[in-house]
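One line per chain: the protein sequences are A and B, in this order. Each residue of the first sequence is one higher than the last, beginning at 1 in the working numbering. Each residue of the second sequence is one higher than the last, beginning at 113 in the working numbering.
To be clear, the hints were calculated from the coordinates, so they are not data collected in a lab. Only a predicted model underlies this, so the values are computations on that prediction, with no experimental measurement involved. Idealized CB from N, CA, C, for every residue including glycine. Among the hints, a few may not be true.
[Stated by the list, open to error] Here's a subset of chain B near chain A, in silico, CB distances under 8 Å, partners left out: (1) Gly128; (2) Gly155; (3) Ser158; (4) Ile161; (5) Leu211; (6) Gly216.
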Amino acid sequence: SQTIHQWPATLVQPVGSPLSLECTVEGTSNPNLYWYRQAAGRGLQLLFYSVGIGQISSEVPQNLSASRPQDRQFILSSKKLLLSDSGFYLCASWGQVSGEQYFGPGTRLTVT
Amino acid sequence: KNQVEQSPQSLIILEGKNCTLQCNYTVSPFSNLRWYKQDTGRGPVSLTIMTFSENTKSNGRYTATLDADTKQSSLHITASQLSDSASYICVVANSGYALNFGKGTSLLVTP
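Next up, chain B with everything else stripped away, as it sits in the complex (with noise of 0.2 Å):
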């Protein structure tokens, strides 16, 4: 059964300092990973999206890792601001139409 699990499921972190989220994925054939940020009561921005060849992309203070061997990727987050407060949500593509989603991080930056 195709899955994706994010970790942790909420995360709490002072402005300014740096903060790191896992997806683990079972999803098979792998086609490619994205990183969505979604606001409150928002749809989902798209961050990163990443192939099997790629290890890592990085956008601005955001920076996605994978390991396609492990299944496993992260999302950094640099220098955290009070705007990056939202829910981040992994999700693993297995065709074009085939996307699992994870159920997200809630990401809280306080000052």
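Only chain A is shown next, with the shape it has when bound in the complex (with noise of 0.2 Å):
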């Protein structure tokens, strides 16, 4: 089975700074990754997928950006943060074979 890393676990930052969110995955080579977000008492919303390095889709547009630099590598950025920001992200990746998807432990950001 896969294993999803992500840090930082939990981090606090001011409106206005930059944000960089990463995810990295074990256990299976050239999976589709996804980010979602989880604000409080909403379902997950997904904010961006990607199917190879460098291959990047977006669902909600919004000042947030992701990139692929490495196959099991997955970056979630923002130059600006806002207030709206605040939330529970996740990063996933598709079990092609068992068509599961495997979550990461999430990264709680509070933007303040």
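Using the hints, build the complex out of the two chains.
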């Protein structure tokens, strides 16, 4: 099975500051990778997905961006954080044999 | 519009009791339906995944059912334990990338 690592686990950042969240995957190669956000009291929202190095698809227009510099590395970034960016960010990979999605432990982001 | 509705929004039960969570969806075309358990502050963990042809699937004390005709699914938890306290999320897929998430049911199991 796959293992997904995310860091940092928690982050408190002021409005207007930059953001970089990192996700790495073990146990598979050429995975489909996803970034989700979970706001308080709301469901999971797909932000970006990637089917390969350098290939990023955005699901929701916003001030966030994603990059995939390596096969098993997925990065979520922002140049200037907004208060509305606060939430729980989850990285996920796709088990193409099992059809399962494997989620990382998440990063709790608080923008102050 | 593809939607996934879960009920109840929250539920409190006594340890040892059974409970059933509901999921109704309007996702089309349907590919599969998953139930996830999410502990507070953690990523979701898959419980079951069912395709169109599957009516029921069990994972220990968790049993999921699917009625593709009425577009309804349920998750039944038997002999609940304190560790079952979590959010349970229903996810319906209509393609490899398009997953539609419910908002979840928050379950609290009390002693």
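Hint by hint, here is what the structure shows:
Because the beta carbon of Gly128/B sits about 29 Å from the nearest beta carbon in chain A, more than 8 Å, this interface hint is broken. The restraint placing Gly155/B at the interface with chain A holds, with a minimum CB-CB distance near 3 Å, inside the 8 Å limit. Nearest Cβ of chain A to the Cβ of Ser158/B: about 5 Å, under the 8 Å cut. The hint holds. For Ile161/B, the interface hint holds, since its Cβ comes within 8 Å of a Cβ in chain A; the closest pair sits about 6 Å apart.
The criterion of a C-beta within 8 Å of any C-beta in chain A is met by Leu211/B, whose closest approach is roughly 7 Å, and the hint holds. The interface hint given for Gly216/B holds, since its Cβ lies 6 Å from the closest Cβ of chain A, which is under the 8 Å cut-off.
This entry does not satisfy hint 1, going by the numbered hints stated previously; all others are met.
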